[in-house]
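There are 2 protein chains.
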Amino acid sequence: MKQAIVARTDLGMGRGKLAAQVAHASLSAVEDTSATVRKEWQGEGQTKVVLKGDGERTLFELADRAEREGLPHAVIRDAGRTQLDPGTVTALAVGPGEDRVVDRVTGDLSLY
Amino acid sequence: MKQAIVARTDLGMGRGKLAAQVAHASLSAVEDTSATVRKEWQGEGQTKVVLKGDGERTLFELADRAEREGLPHAVIRDAGRTQLDPGTVTALAVGPGEDRVVDRVTGDLSLY
Numbered sequence: 343m344k345q346a347i348v349a350r351t352d353l354g355m356g357r358g359k360l361a362a363q364v365a366h367a368s369l370s371a372v373e374d375t376s377a378t379v380r381k382e383w384q385g386e387g388q389t390k391v392v393l394k395g396d397g398e399r400t401l402f403e404l405a406d407r408a409e410r411e412g413l414p415h416a417v418i419r420d421a422g423r424t425q426l427d428p429g430t431v432t433a434l435a436v437g438p439g440e441d442r443v444v445d446r447v448t449g450d451l452s453l454y
Numbered sequence: 343m344k345q346a347i348v349a350r351t352d353l354g355m356g357r358g359k360l361a362a363q364v365a366h367a368s369l370s371a372v373e374d375t376s377a378t379v380r381k382e383w384q385g386e387g388q389t390k391v392v393l394k395g396d397g398e399r400t401l402f403e404l405a406d407r408a409e410r411e412g413l414p415h416a417v418i419r420d421a422g423r424t425q426l427d428p429g430t431v432t433a434l435a436v437g438p439g440e441d442r443v444v445d446r447v448t449g450d451l452s453l454y
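First to last, the protein sequences are chains Z and H.
All the letters of the first sequence, read from the start, carry residue numbers 343 to 454 under this note's numbering.
All the letters of the second sequence, read from the start, carry residue numbers 343 to 454 under this note's numbering.
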């Protein structure tokens with residue numbers, strides 16, 4: 343099992359900012375995950391991959407696809423206290439879920 | 343309230359790797375947090391800051407300090423499937439907790 347987190351490459355986020363947004367997305371999707379799936383994923387070492395998304399539209403399209411696959415997911419908007427305008431979409435987490443199902447949503451993206 | 347995640351600067355982690363380790367640390371410390379504190383932090387927008395730690399020893403010292411302050415915390419070791427040797431300590435999450443208490447542990451560190 344794995345969780346994929348897609349972060350935007352077009353916002354010029356610094357490394358720390360990027361990491362915080364990815365963490366936020368990861369946590370939010372995990373909260374949306376059943377206890378059974380969560381425990382299985384955690385038992386396997388809670389694999390996470392961070393992937394590149396080229397813009398807001400891409401993230402929303404992937405979120406729709408995750409919804410159709412029945413995967414937990416979370417779109418993150420930045421509070422805008424630093425670096426970005428308030429409400430900027432920064433990251434999307436998909437899963438945890440079975441690798442092959444997550445790959446149906448994010449399998450075409452490159453590693454960040 | 344906030345959570346501080348301290349990531350090592352001396353490992354040459356790429357941006358995606360760094361983000362995944364930070365997310366791992368964040369999630370692990372949240373699992374170690376009482377439901378009351380977790381809900382309060384999430385209700386406030388689950389503020390996270392990512393900070394620079396200069397090496398393994400620093401992370402362990404900060405973890406000890408977090409323990410003494412009674413803050414949830416988690417030290418992350420990489421599984422070593424990519425980039426790093428197995429068991430390499432990569433990140434430490436401190437909190438969520440009250441800002442002033444978290445700052446007693448990580449207040450001297452720079453933003454990543």
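If you are wondering where the hints come from, they were derived from the structure by calculation, not from laboratory data.
As the structure is a computational prediction, the values presented were derived from the model and not from experiment.
In this text, a Cβ means the ideal position worked out from N, Cα and C, and glycines have one as well.
Please note that a few of the clues may not be correct.
[Unchecked claim] Covered, in the sense of this in silico footprint (three residues per stretch, anywhere, with C-beta under 8 Å from a C-beta of chain H), are these stretches of chain Z:
#	stretch
1	355-361
2	368-380
3	438-451
[Said to hold, decoys possible] Derived pair list, reagent style BS3-like, types lysine-lysine, alpha-carbon separation capped at 30 Å:
#	chain 1	residue 1	chain 2	residue 2
4	H	K394	H	K381
5	H	K394	Z	K394
6	H	K344	Z	K394
7	Z	K344	H	K344
8	Z	K381	H	K381
9	Z	K381	H	K344
10	Z	K344	Z	K381
Can you list which hints this structure breaks, lowest number first? 3
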